[in-house]
Amino acid sequence: MSEAPPLLQVQGLVKHFPMRGGFFDRMRGHPAQVVRAVDDVDLSIREGETLALVGESGCGKSTTGRCILYLQQPTEGVVAFRGEQIDPNNTNEMRERRKQLQIVFQDPNSSLNPRMSVGQTLEEALAFHKIVPKSERSNRVRELLHTVGLNDQFRNRFANELSGGQRQRIGIARALAVDPELIVADEAVSALDVSVQAQILQLLARLREEKGLAYLFISHQLGVVRSISDAVAVMYLGKIVEQAPTEEIFHNPLHPYTQALMAAAPVPNPRARRDRILLTGDPPSPVNPPSGCRFRTRCRYATDQCAAEVPLLREIVPNHLVACHYAGELTGS
Amino acid sequence: MEIDAAGIQSIPADQAPPTPLSMFVWRFRRNTKAVVGLVIVLSLILIAIFAPILAPQDPLDGNLSASLVGPGGEYLLGTDKNGRDVLSRLIYGARVAIGGALGVVIISELIGVPLGIWAGYKGGRVDAVIMRFFDLMLAFPPLLLSFAVVAAFGPSLRNVIISLGILYVPFAARVVRSVTLVQKEMVYTEAARAMGYPQRRIVFRHILPNTLSSVIVVTSLDLAFAMLDIAALSFLGLGVQPPTPDWGTMLSEGRAVLLTSPHVAVGAGVAILIAVLGFNLLGDGLRDVLDPRQANK
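Chain order of the listed sequences is B and U. Position 303 (the first sequence) corresponds to 303 in the working numbering; numbering is contiguous. Position 283 (the second sequence) corresponds to 1283 in the working numbering; numbering is contiguous.
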């Protein structure tokens, strides 16, 4: 039985940022260094599925999202949509891809053009991609605003007249304007107040029901991730270290890094007894990642084997992939 | 909150907040510098437009029997050595001053704004080449370069305007480039790329309108400098040629009789002073009004 290809398939995604040394460094023949922001990442998202990508700041989760949308050119790797790869230099194919894949950004303060009204922003997207005929555009704007829970009067507003939550709703409406099938939500609620976060999350969940949208939900907030995602991938220093269905990973985190992340998440119960796993030190520099397992410098279980061999993602429990030599043997304390 | 049939709540927009324009007007009126500058500039423009109505005498037609008459009496500000009415010449001189300065600024911005945006948006090598070339231009004393151009093509107002216009390009370009660098990093630019808009559209539809407020401020300040430079070149005999009434030329003519009849030179000097002051105040005020965060620094 041949299975239909997943909606989005990312294979071997690598993004290196060359660090241009200064003029004098180059004169002295220092080798050009490279920031390994994303190093060999595989992801796949099925239709209507929400995959969360979590990890601490600077681990490469946003870069992964941007590479999927070709906002940044991947150094290596394949991004296929419904099994189709595209040539980023082919304008027509890119245009189609832009309609299928959209993004909602973190910073609601600068994600809207201050000189364009909400209506202009939405109409521009509709007109450019010829989503509806010209006579229908105004109606469609009203529908879009309605979909994200805003009144039609908002079409004449400018960004500075909107609250953070309202701006984020407009950002979502803009993404929805082209009828995408997958939305990359890059820390889409992180900059909002908790109560507003909940509203936006409900909105995203409702859109998923109504339109069968799939999300790549990039976040560092585990509580948020747990409420919205079907599956979770944990990233550390440019690599995915663990991937599993949401409930599985929250109940049974197998990678020591995931265990530490879970232990660090705040619990809304002041009397809850918590065993905290404190990670010491900072994440190593992605310019010179540690040999073998990248987490070994901060891992309390690290052995010589961790320094020597790169752990591969292995399926320890069905559907639960872990990149740790000792996965399954370590009990999260 | 409205709740529709599908049970979806829509937040009604509350009372319409002030539009950007009304906010601008409100802040402008509270800024003394801007208001005083605007009054001076508007008066100058009106004087230039209605010069034939306002001028009491013909600015070109001298009465040689009434040469170097002092102020007061029939001639309010006196006459020059050719017996021409100083006040009328000052009024007509506003035309050259404003027209010339506008010409300089328009030329410099037509070239400088696109180059500045291009350099800022493209970055890298394009940016380096354009900006290093501008640094090179800035390394020359501007009036000296203007001398060279006028020496080569002959003294005339047109040549002065063209040469100053080109010399002012780096000033316009540098401001626009720095604003572009900021706008380029704004998330809305990235959102536009995610929408698949071509570069041209992003630059002209999204970034250019956001540089406008800075361009307005630069325009106003550059007008003051251009006016001063044109007057300086005319003073040296390289710009406006007699008998066209011009403040710089009048200053030069007045210099010869400064000790006996100071009113000729003083009238032109005060006219230049007021005009430059007006544009400078307007530019300074506009900067405060358009970017309130910088005003308190």
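Each hint should be verified, as a subset may be incorrect.
[Unchecked claim] BS3-like mimics (lysine-lysine), calculated; alpha carbons at most 27 Å apart, straight line:
(1) K1122(U) with K1184(U)
(2) K99(B) with K211(B)
(3) K99(B) with K130(B)
(4) K1081(U) with K99(B)
(5) K134(B) with K99(B)
(6) K211(B) with K134(B)
(7) K1081(U) with K130(B)
(8) K211(B) with K130(B)
(9) K99(B) with K1033(U)
Hints in this document: simulated from the structure, not taken from any laboratory.
Hints versus structure:
Restraint check for K1122(U) and K1184(U): satisfied, since their Cα atoms lie roughly 10 Å apart, inside the 27 Å limit. Between K99(B) and K211(B) the alpha-carbon distance is near 14 Å, which keeps this suggested pair within the 27 Å criterion. Taking the CA atoms of K99(B) and K130(B), the gap is near 11 Å; set against the 27 Å cutoff, the hint holds. Simply put, K1081(U) and K99(B) have alpha-carbon atoms about 76 Å apart, too far for the 27 Å limit, and the pair is violated.
Restraint check: the Cα-Cα separation between K134(B) and K99(B) comes to about 18 Å, which is no more than 27 Å; the hinted pair holds. Using a Cα cut-off of 27 Å, the hinted pair K211(B) and K134(B) holds, with the two alpha carbons roughly 23 Å apart. A threshold of 27 Å between alpha carbons decides the hint, and for K1081(U) with K130(B) the separation of about 72 Å lies outside it, so the pair is violated. The straight-line distance between the Cα atoms of K211(B) and K130(B) is roughly 20 Å, inside the 27 Å bound, and the hint therefore holds.
A distance of roughly 50 Å separates the Cα atoms of K99(B) and K1033(U); the hinted pair therefore is violated under the 27 Å criterion.
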